[in-house]
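Student: Use these hints to put chain B onto chain A, whose structure you have.
The listed protein sequences derive, respectively, from chains A and B. Sequential numbering from 344 applies to the first sequence in our numbering. Sequential numbering from 344 applies to the second sequence in our numbering.
The reader is advised that the hints may include incorrect statements.
For chains that are exact copies, the list does not tell them apart, and a pair is met inside one copy or across any two.
Unchecked claim - Pairs of lysine-lysine, DSS-like flavour, derived with a Cα cap of 30 angstroms: (1) Lys367 to Lys399; (2) Lys383 to Lys445; (3) Lys445 to Lys367; (4) Lys383 to Lys477; (5) Lys399 to Lys440; (6) Lys505 to Lys445; (7) Lys505 to Lys383; (8) Lys367 to Lys477; (9) Lys433 to Lys445; (10) Lys383 to Lys502; (11) Lys367 to Lys502; (12) Lys399 to Lys383; (13) Lys383 to Lys367; (14) Lys505 to Lys367.
For the record, the hints were derived by calculation from the structure and aren't laboratory data.
There are 2 protein chains.
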Amino acid sequence: MAEFIEPIEIIIEQLRSLPGVGRKSAIRMAFGVAEMDSEKLERFASSLLEAKRAIKECTVCHNLSTNELCSVCSSPERDRSIICVVEDVKALMAIEKVRSFKGVFHVLGGTISPIDGRGPDDINVASLLDRVNKGGVTEVILATNPTLDGETTAIYLSKLLKPLGIATTRLASGIPVGGDLDYADEMTLLHAMDGRKEI
Amino acid sequence: MAEFIEPIEIIIEQLRSLPGVGRKSAIRMAFGVAEMDSEKLERFASSLLEAKRAIKECTVCHNLSTNELCSVCSSPERDRSIICVVEDVKALMAIEKVRSFKGVFHVLGGTISPIDGRGPDDINVASLLDRVNKGGVTEVILATNPTLDGETTAIYLSKLLKPLGIATTRLASGIPVGGDLDYADEMTLLHAMDGRKEI
Chain A
344 MAEFIEPIEI
354 IIEQLRSLPG
364 VGRKSAIRMA
374 FGVAEMDSEK
384 LERFASSLLE
394 AKRAIKECTV
404 CHNLSTNELC
414 SVCSSPERDR
424 SIICVVEDVK
434 ALMAIEKVRS
444 FKGVFHVLGG
454 TISPIDGRGP
464 DDINVASLLD
474 RVNKGGVTEV
484 ILATNPTLDG
494 ETTAIYLSKL
504 LKPLGIATTR
514 LASGIPVGGD
524 LDYADEMTLL
534 HAMDGRKEI
Chain B
344 MAEFIEPIEI
354 IIEQLRSLPG
364 VGRKSAIRMA
374 FGVAEMDSEK
384 LERFASSLLE
394 AKRAIKECTV
404 CHNLSTNELC
414 SVCSSPERDR
424 SIICVVEDVK
434 ALMAIEKVRS
444 FKGVFHVLGG
454 TISPIDGRGP
464 DDINVASLLD
474 RVNKGGVTEV
484 ILATNPTLDG
494 ETTAIYLSKL
504 LKPLGIATTR
514 LASGIPVGGD
524 LDYADEMTLL
534 HAMDGRKEI
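Bound conformation, chain A alone (with noise of 0.2 angstroms):
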């Protein structure tokens, strides 16, 4: 039996659709939308498809974007030699917030997973390549997240990349295994940067 009556169960699973919302915190915000009045829910919901509508993917590296290229990709402060890999946009924002990485990135947009079926083609490997192969790139980091995942990710690409004489990091210990990047403290982040190791 349903705890409360349909429409409010309906909003309740909608806003359980989205990442980190329990059923409690939904309920709350169910009742929150139940209580709004209509102009502005109907303000919100256009607000969400304008905006969404606004962000578009950099077309080098796949970062979020509200232009054809990204703020990192534009900037002609960066240093396009060494492309740092990382699996989201969540990740690429955790170190560009450390401010001492001055290369470029690319987001892969998930990993690699045998167990859940996921291969290379699934994520962003093959543009990676094409970067790659355009020349004066001398250093790829894998800074996919140190879970199983990821470091599959991670080895994976350092077979493809090291034939071509690039040379594959990986960002230091420091990054607690199992772990998540985007939930790492700055200082951790420096520290693991700092130190990276070819793998």
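Tutor: Just chain B, lined up with the frame of chain A:
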């Protein structure tokens, strides 16, 4: 300086307008929205709007409902001589969960608050008096939260109702003072309901 690109900040700001959503969880959810494919987001937004349109207010007690009368007011098994007055629908639901109360409800939609400048006309007091004046009501349980504004509202209502020959009661101690009714556990609520006393 904004931490994220503008459309992401707009989504974060919109999500933060929902109850219980802080910046950290809004960021997490905003990236979920950014990564959602556009069709799914359109469905998300239209589901919210459609569900919202299906939510009505019970014409008798102001409970949320999909019909003119809510499930409590339309039930033939409820005792219409006892009205339990609550601040909001969440408090009503907390009491319904205990399944010990057989009377009906009246949702005020807030409290009287001299400090915030909310008077009796800003909440559903007039419709409560209408119900009482129609006759047949013997007791009104003033189940507003045990906060300053909740107590003020209960005392105001008891002064209005007592001259009409209506017994006015308040939930027994058991609910932590300063707390929120919809966070009380079921046993606490059960005891508070059983031990209600006249004010």
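Student: Could you work out which earlier hints the structure fails to respect and list their numbers in ascending sequence?
Tutor: 2, 4, 7, 8, 10, 11 and 14
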